[in-house]
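K.L.:
Use the sequences and the hints to build the structure in full.
In the order they appear, the protein sequences are chains V and H.
Residue numbering for the first sequence follows our numbering, beginning at 919 and increasing consecutively.
Residue numbering for the second sequence follows our numbering, beginning at 38 and increasing consecutively.
In case anyone wonders, no lab produced these hints; they're calculated from the structure.
Just so you know, even glycine gets a beta-carbon here, dropped at the ideal spot from N, CA and C.
Check before you lean on any hint, since a few could be wrong.
[Said to hold, decoys possible] Just so you have them, the derived chain V footprint on chain H, three or more residues with Cβ under 8 Å:
{"#": "1", "region": "39-46"}
{"#": "2", "region": "114-123"}
{"#": "3", "region": "126-138"}
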Amino acid sequence: MEAKKKIRGLVIPLSDYPHIPYWGTLREAIVQLNVAYETGHHAVLVFDEAYKLVGMLLQKDILKGLEPKFAQHYEDGVPIFWDDLLKTGSEKQLARPVKEFMSEVKATIDVEDSILKASHIMLQEDTYLLPIMEGDKLIGVLRMGDLFHDITKAVLNL
Amino acid sequence: MRRCRKCGKKGLFLKIEEDTGLCLSCNEKFAQEGKIFTERITAAKNAASIAKDPKEIAKFCQLVENYGNELLALHQAYNLQPSQELLDLIEAYKKMRVSAEK
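P.N.:
So this is what it looks like as structure tokens:
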């Protein structure tokens, strides 16, 4: 396998993703995500007032945000009246700012790093989107789907 | 001695925001003004991404550029370095506008 294959070819520019400021609501983010769904971009990038990337709102963050707080403690099955609780509780959640739900940028990867290193960082950080740096410059993001495709293609050709 | 990079206020116990190098008062003003432009940029950007008509696309791209440049000017007024994300966004939408106008 091309263990040293670089991630340069997998860079997706930030402008391809939907953007939202950190004070935007969860409802606004969901609308943006649904609009972008067909493009294959399953995250909304979150920016501050200086237009600096401060986080990413992934599908899992939204689902976590919509779940009633107490339900997070249920490990076996779902409680009774789940649907009603989801409906009434989510109205409040939808009006809350995305900064309460977003995943902060915990790790980045250099454009010259290998696809295996990127895969390792994604697994360690439990994320499927990783900002890519070129020196000090943020140049885009890397998706786990693209990485998966590249790595598995290389594995099959061994 | 600590000094605000916008108003020049200085003092031993002056609180300076680490990220920006501004005093709390200037930082608050910058954040308030920056929020307005950031909201406009994201709205125009997201509108451009769903527009189908090239004229509409060009119009929204132009708005992203304009609001982006206003946010750049705000950075300059506060002696701040703009983020790479902002510079790239303006450049990307400039290219997109030119291609939509062809």
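K.L.:
Each hint needs a verdict: does it hold in this structure or not?
P.N.:
Verification of the supplied hints:
1. 39-46: Since 0 is below three, the answer is violated.
2. 114-123: holds (count 6)
3. 126-138: holds (count 3)
This entry does not satisfy hint 1, going by the numbered hints stated previously; all others are met.
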